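Peer 1: If you read the protein sequences in the order shown, they are chains A and B. Each residue of the first sequence is one higher than the one before, counting from 2 in the working numbering. Each residue of the second sequence is one higher than the one before, counting from 2 in the working numbering.
Don't read these hints as lab results, they were simulated from the structure. In this text the structure is predicted, and so the values were computed from the model without any measurement. The beta carbon of each residue, even a glycine, is placed where N, CA and C say it ideally should be. Any given hint might turn out to be false.
[Unchecked claim] Just some of the chain A residues that point at chain B, by a computed CB distance under 10 Å:
#1 L65
#2 R136
#3 S142
Here is how the chains run, residue by residue.
Number of protein chains: 2
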Amino acid sequence: MATGLLEGVIANMPMFRQVARPQLVELARHARVQHVRRGATVCRRGESLNCFFGVAYGLLKLALRANGGEEKVLRLVGAGETFGEALVFRERPNPLEAVALADTMLVVFPSQAVISLFEHDLNFARGLLASLSERMHDLVSEVEASTLLSARQRVATYLESLAAENANGRARLPATKTVIAARLGVTKETFSRLLRELANQGLIEVEKRDILLRDRAGLAAVAQGALHA
Amino acid sequence: MATGLLEGVIANMPMFRQVARPQLVELARHARVQHVRRGATVCRRGESLNCFFGVAYGLLKLALRANGGEEKVLRLVGAGETFGEALVFRERPNPLEAVALADTMLVVFPSQAVISLFEHDLNFARGLLASLSERMHDLVSEVEASTLLSARQRVATYLESLAAENANGRARLPATKTVIAARLGVTKETFSRLLRELANQGLIEVEKRDILLRDRAGLAAVAQGALHA
Chain A
2 MATGLLEGVI ANMPMFRQVA RPQLVELARH ARVQHVRRGA TVCRRGESLN CFFGVAYGLL
62 KLALRANGGE EKVLRLVGAG ETFGEALVFR ERPNPLEAVA LADTMLVVFP SQAVISLFEH
122 DLNFARGLLA SLSERMHDLV SEVEASTLLS ARQRVATYLE SLAAENANGR ARLPATKTVI
182 AARLGVTKET FSRLLRELAN QGLIEVEKRD ILLRDRAGLA AVAQGALHA
Chain B
2 MATGLLEGVI ANMPMFRQVA RPQLVELARH ARVQHVRRGA TVCRRGESLN CFFGVAYGLL
62 KLALRANGGE EKVLRLVGAG ETFGEALVFR ERPNPLEAVA LADTMLVVFP SQAVISLFEH
122 DLNFARGLLA SLSERMHDLV SEVEASTLLS ARQRVATYLE SLAAENANGR ARLPATKTVI
182 AARLGVTKET FSRLLRELAN QGLIEVEKRD ILLRDRAGLA AVAQGALHA
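Let's have the full structure, built from the sequences with the hints guiding it.
Peer 2: Structure follows, in structure tokens:
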């Protein structure tokens, strides 16, 4: 890919929006593009990575896997988003596997280039810290969901968070029900049953992967654990 | 407390070890001391904090609480450690409650002083990022433990991590069994039963809060899920 094009792709990732032009050019010079097919593994647990990744287009899942093979999807990473930043600043084996859920174009940023950017561009440094702080917040919410919330509360909370991005109360599952179930720590069957129950209560309408939130107050009550089936 | 003394306390916290003397003096000038009694709440969930905290001496628990009152202890914070950094760089309501488990002396760092230090001291900026990255790693492990590991595996993993800090294979529970059970997401009864089972298998010896790891390979096998009771 021409460097000019790559620069444009990078400039559009929220992580790099505040970066000054000369630094952006320098970063693009060190970055490289990686195309991955749907189903391909981008990185494995335990690997040493010397880079972090941005998604130009496509979709990935970041997942933990039990010895027995059971999977916990921790995060779905879509266009414009980045992952693996924390490993740049603390050399540790990668704890998560990343698998492409669609044909995906990645931008690979070598650690050294990112550290250099961090040290020379205060806006980037601030943005990176804010982004990691946000990620930590999400991880705390994840611990909360998996230890203190029922499956029903987790599903309601997740639907709320999806719809929060759309003013009209419509949400679209960003991946298959199997992946979303693994994201929420339930079986696919339980996930389908809980969606049916919420629909029967008149709180949502489900049409394949599209979900209309009909009663947000009611859904919030379910998320809070106040309303039972 | 005299500023000179406070400077010494701060300089001894790993988070500030790399900070240059003049910056340290400036930070100490803005920091303040807070004494909390055992059992007292330092901050509540949902509060806006404009600071982060260091522990000079004592012990705190950072916990999530379900609507029903069930508690998940996420982290124990002891002497020299800090907490709440992430909230300085992303204004969000505090997600965790902090309660003193012993009489504790805190150092309170106002956000503005920390942001200023971050912007003027590259060593501190690097150290802070490394520290948040480590914290993220711990949170990912926490999600893994709570979603993919059995109670038995969690207990074995926890004992291993405690003993890793002591070359002689001795571990001391840093808090009561009730608190450690809430840390591991099990009831106190289950925690006591699992300790007894591991002792009966000859893997550990328990004497109140002191635990001797007799068979680390065996314990590692339990942590991996390879060895069952």
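Peer 1: All the hints need checking, so say for each whether the structure fits it.
Peer 2: Going down the list of hints, with the structure as the test:
1. L65: Constraint on L65 of chain A satisfied, holds at 5 Å.
2. R136: Result: holds, 6 Å to nearest chain B Cβ.
3. S142: 7 Å, holds
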